[in-house]
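Mapping of the first sequence onto this note's numbering: position 202 corresponds to residue 205, and the numbering continues sequentially without gaps.
If you're looking for bench data, these hints aren't it; they were derived computationally from the structure. Careful: at least some of the hints might be erroneous.
[What the hints assert, rightly or not] Heads up, simulated DSSO-like pairs for lysine-lysine below, C-alpha to C-alpha not over 30 Å straight-line: (1) K56 x K226; (2) K68 x K354; (3) K135 x K439; (4) K327 x K354; (5) K273 x K68; (6) K22 x K56; (7) K68 x K219; (8) K154 x K164; (9) K22 x K298; (10) K605 x K268; (11) K410 x K438.
Being a predicted model, the structure only gives us computed values, none of them experimental.
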Amino acid sequence: MSMDQILSQLNEQQLEAVKINDGSLLVFAGAGSGKTRVITTKIAYAIEVLGIKAHQILAVTFTNKACREMQERVINMVGDTGNMVMIRTFHSFGVWLLRRYGQLVGLDKNFKIYDDDDSIALLCQAYPDDNKKEIAGYYKKIAVLKDRLEKPNKMDERLCKYYSKYEEQLRRTGNVDFADMIIKSIELLQTHPEVQTEVQNRFRMILVDEYQDSNKAQFNLLKLLVGPETFICAVGDDDQSIYRFRGAEVKNILDFPKAFKNTKKVVLGKNYRCTESILDVAKDVIDNNRTRAEKTLSAYNQGGDLPQIYYVDSGIDEADQVVKMLKQFHESDPEAYNNSAILYRTNSQSKDFEDRLMINGIPYHIVGSLRFYDREEIRDCIAMISLMTNPRDSVAFQRMINKPSRKIGDVSIEKLLEIAITDQSIQGDVILACKKAVDEKVIRGAAVEGVKNFVDAFDRCQGLFGTMENGKFLKQVLLEFGILDFYVKRDTTERLKINKRTENIEQLVNMLSFEEFSDGQEGVNRFLELASLEASALGEEEGHGTEGVTLITMHNTKGLEFERVFMVGMENEIFPGRLDERTEEDIEEERRICYVAMTRAKKELYMFCASSRLRWGNVQPESPSMFLKEIDESHVEEIDLRFKSRFGGQFRFDNRQDSYRSGYGNGFGNSYTSHGNRYSANYVNTEKFFNRDQDETEGRPKPSEASRFNIRNMKSPVLIKKGAASAPAKPASVTYEVGDRIRSEFYGEGTISGKRQFAGREVLDVKFDSGRTGTFACDKVTFEKI
DNA sequence: GGCGACAAACTTTTT
DNA sequence: GTTTGTCGCC
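Construct the entire structure; sequences and hints are all you get.
This is how it looks when you write it as structure tokens:
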């Protein structure tokens, strides 16, 4: 395709954005307004019209998936030279830079990327007596601080202690964590002007996608990359900023003009992805955010089916209903599975859907969650590779020293690490520490033999590295250390599992035999990089990568689009989650997530809301997401599939049920109760999915269907109603202590077995005489003391 | 030091 | 319901 043809496909604003190429450019691009198209076209235009060399262009996006897609599109436009354009995430760009110059800022030549688990393990090594969970919590804070380039508050002594110790330990290993990929790059450019000049001269054009999700560290890095001759263009949408929890600052996009000189602004306000109906719903919701830039986004595709909200009784009914609909769509459209997606807020919600899809033989694939890299056996292999190539990696060492069992216990391991960390002559080398410990008899008993064996295996293998291709080398390592044997045995004991661990290992060995990873240290580095930065890419079996229904978190859908979208679990406490401990800002972020999720749908959008859900083995009542209530009634179709709504309204979902959980509703205004009535309107869609199961003349389901639908939850709606009517609220004065005997209206008599903090409030664990257990929020229970 | 049995904690979101 | 952690015994 010629450049003229490419340009002729753009609208006026898009064309304007492509043609501005001096100073700085900020593109405000609403959802579906063609921002990727603008970026890719800008790249093509720069190469073919402006004569900029492909390798002088750097494009930064947010996910690796987006990188691949962009590279592909660029290649489609300009041919093979598109491969020369550097398209990376911020993090992988940092790695690229640090692989070349990292030693200047104290990194190991072959530094490895520690993920969160590795980092926590590292911190635990330094404080073996401290509570692991607490350390993990502090690590999270440290990670956010680093993303924001902040130091811990001096008032929090423990955080300060952990922070400095963590940094010290990390430097000792020579490795980096996620934040370091950016921070160390910044440090490098600041302390080595010659490197900065070199980099600035190399990149004439820098394009940043999803700019609203950049954090302070990334922003600072960007500023250092832009030289006097560099053209910078950032593209983003403040309404789609959904990574605040990770330090993303919407401020970056609003302050862009201040940070970069001569900034011109272009607004892309035409949405080409969604139908007007879908965009209307998304706008209804996002309009409730107070802190956002004013903007207009209009739909190119007029009309369209109204989005639908389905009310169901339980999580299982929700999954059943989605499956049922998918099957029906599939009858008329063989592509229906491939272009449908199920979107949920948290990964844990995927399980019910997996089960149901599996049982019904519907093909599906999950994006994200269960990562190949996270499997125990794969992490073991990777730990071994890391250790072989960097003996200062104490985290990898700790993981593998006694696996398989070499009779080296926790006490011995602690001693070994102690030596590695403190002994100056060893410089953190854990293998030297082992040798020293054996020589000086620090280790005793059976452990001595084990440590010797480990060191011997290490010495035998290290000589082999680089003499054979990496896949073969790994296999040899696994044999020498007895890891392969270990997993062969595990596979026989775990034969019920579908996934054989040895097969996963085999796959990994194969992967390391691929040309790009097979060659010595370079190959290993490339591989480890891929493994930690793009974990989902590993282990994607052919045919499973894109075939079938997509299961994905709302966060992960960023930049993607689907013909048909199912948003599930639209209930307060799930989405938005943990309502009562959230600030207004948190809610606004959740609302943006909702906006992003809704605007993924091109043609059809279905939202699901269950009135009860199984959580921790207990049936918990759920209330409809506040976001559903923000949608204008005329913009959606509401379909009530709940049991109680199908019996003449006797057990209708009405205000009383809301008042049962009034604790959650308070503070969000009276829309809560006023909308309650909307649900009891008992709207039943008679044309699409329901008519097959229901008696046409009655407009109601057959009894058998109704009972099948609800057999598991028969109790739940009835109980809720009873509770609300007879015991409206617990007097604030009643308190419960462990050991108290109580009577619950729902479950009978029992004993309070525990009282603890959970999710920021006090909860009670109760053991009922019937044998069942339950967890209840203190301020919400209506137990009678006996 | 290893292993099994039981209890407790558990659910944000990701590079 | 599931996973992780602790305790006691061999």
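Going through the hints against the structure:
1. K56 x K226: Judged against 30 Å, a Cα distance of about 22 Å means the pair holds.
2. K68 x K354: holds, 23 Å
3. K135 x K439: Holds, at roughly 29 Å.
4. K327 x K354: holds, 17 Å
5. K273 x K68: holds, 24 Å
6. K22 x K56: holds, 17 Å
7. K68 x K219: Distance ~23 Å between K68 and K219 Cα, so the pair holds.
8. K154 x K164: It holds: about 11 Å lies between the C-alpha atoms, which stays within 30 Å.
9. K22 x K298: With Cα atoms ~23 Å apart, K22 and K298 stay inside 30 Å; holds.
10. K605 x K268: Holds: K605 and K268 sit about 27 Å apart, inside 30 Å.
11. K410 x K438: holds, 17 Å
Consistency with the previously given hints is maintained throughout, with no hint failing.
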